[in-house]
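Chemist: Here's the letter readout for the chains.
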Amino acid sequence: GAVVSQHPSRVICKSGTSVKIECRSLDFQATTMFWYRQFPKQSLMLMATSNEGSKATYEQGVEKDKFLINHASLTLSTLTVTSAHPEDSSFYICSARDWSRGLGQPQHFGDGTRLSIL
Amino acid sequence: GDSVTQMEGPVTLSEEAFLTINCTYTATGYPSLFWYVQYPGEGLQLLLKATKADDKGSNKGFEATYRKETTSFHLEKGSVQVSDSAVYFCALAGNTPLVFGKGTRLSVIA
Chain U
1 GAVVSQHPSR VICKSGTSVK IECRSLDFQA TTMFWYRQFP KQSLMLMATS NEGSKATYEQ
61 GVEKDKFLIN HASLTLSTLT VTSAHPEDSS FYICSARDWS RGLGQPQHFG DGTRLSIL
Chain C
1001 GDSVTQMEGP VTLSEEAFLT INCTYTATGY PSLFWYVQYP GEGLQLLLKA TKADDKGSNK
1061 GFEATYRKET TSFHLEKGSV QVSDSAVYFC ALAGNTPLVF GKGTRLSVIA
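Line order of the protein sequences matches chains U and C. Under the numbering used here, the first residue of the first sequence carries the number 1, and numbering increases by one thereafter. Under the numbering used here, the first residue of the second sequence carries the number 1001, and numbering increases by one thereafter.
Check the hints yourself; a few may be wrong.
Which residues of chain C face chain U? A partial, calculated answer using Cβ under 10 Å [what the hints assert, rightly or not]:
#1 1016
#2 1017
#3 1018
#4 1025
#5 1038
#6 1044
#7 1056
#8 1086
#9 1087
#10 1089
#11 1093
#12 1096
#13 1101
#14 1102
#15 1108
Rather than coming from a laboratory, the hints here were simulated on the basis of the structure. In this text, a Cβ means the ideal position worked out from N, Cα and C, and glycines have one as well.
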């Protein structure tokens, strides 16, 4: 069964709206979670690494004020797309790894959120 | 830095054909290697993994062997089905976020 739950699966909203996406690890504690963005027919682009209890680490070129990440607990990270515009429309995927099982473990992925900004 | 190179797609095969998707990697140390599959409109699912040299990962008829001497982790399946149509990603992991290949789109036609 799923070990990472992501919600909502699809969002359609007007330009200027802020959208929050939740990512939960279901049966392990995730001190670190990852947020990816995927454009149609392309690979995943890492946006940021979410760290429990501290600031997220953003990849180069990702606007931290546009994509707010909060990792308030060991099982929940949220990504908020602030004042979304049509160019923010994309497929967003979160991921987490169970570090308690050592290095080299797979990352488990949520089912993704398809964001469409009108 | 670490990197993964996988064959460009798309790959189109007839049902019951043999599948190979090539994947090679560059990494320091001894990373774990993975194949993920993404069905249309969905997130990524772990297909199989190998954690050390000569390990063979297998699942749902797919196999891949961790070849340290050739730094490869090619994905194979002896007889593909229409339901295998998806995008396949090769990835490696050390103590950093996964490094992905660009993905290979597979279409299987009846």
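Chemist: Each of the hints needs a verdict: does it hold here or not?
Modeler: A quick look at each hint next to the structure:
no.	hint	result
1	1016	26 Å, violated
2	1017	23 Å, violated
3	1018	25 Å, violated
4	1025	13 Å, violated
5	1038	9 Å, holds
6	1044	4 Å, holds
7	1056	16 Å, violated
8	1086	13 Å, violated
9	1087	8 Å, holds
10	1089	7 Å, holds
11	1093	6 Å, holds
12	1096	9 Å, holds
13	1101	7 Å, holds
14	1102	5 Å, holds
15	1108	18 Å, violated
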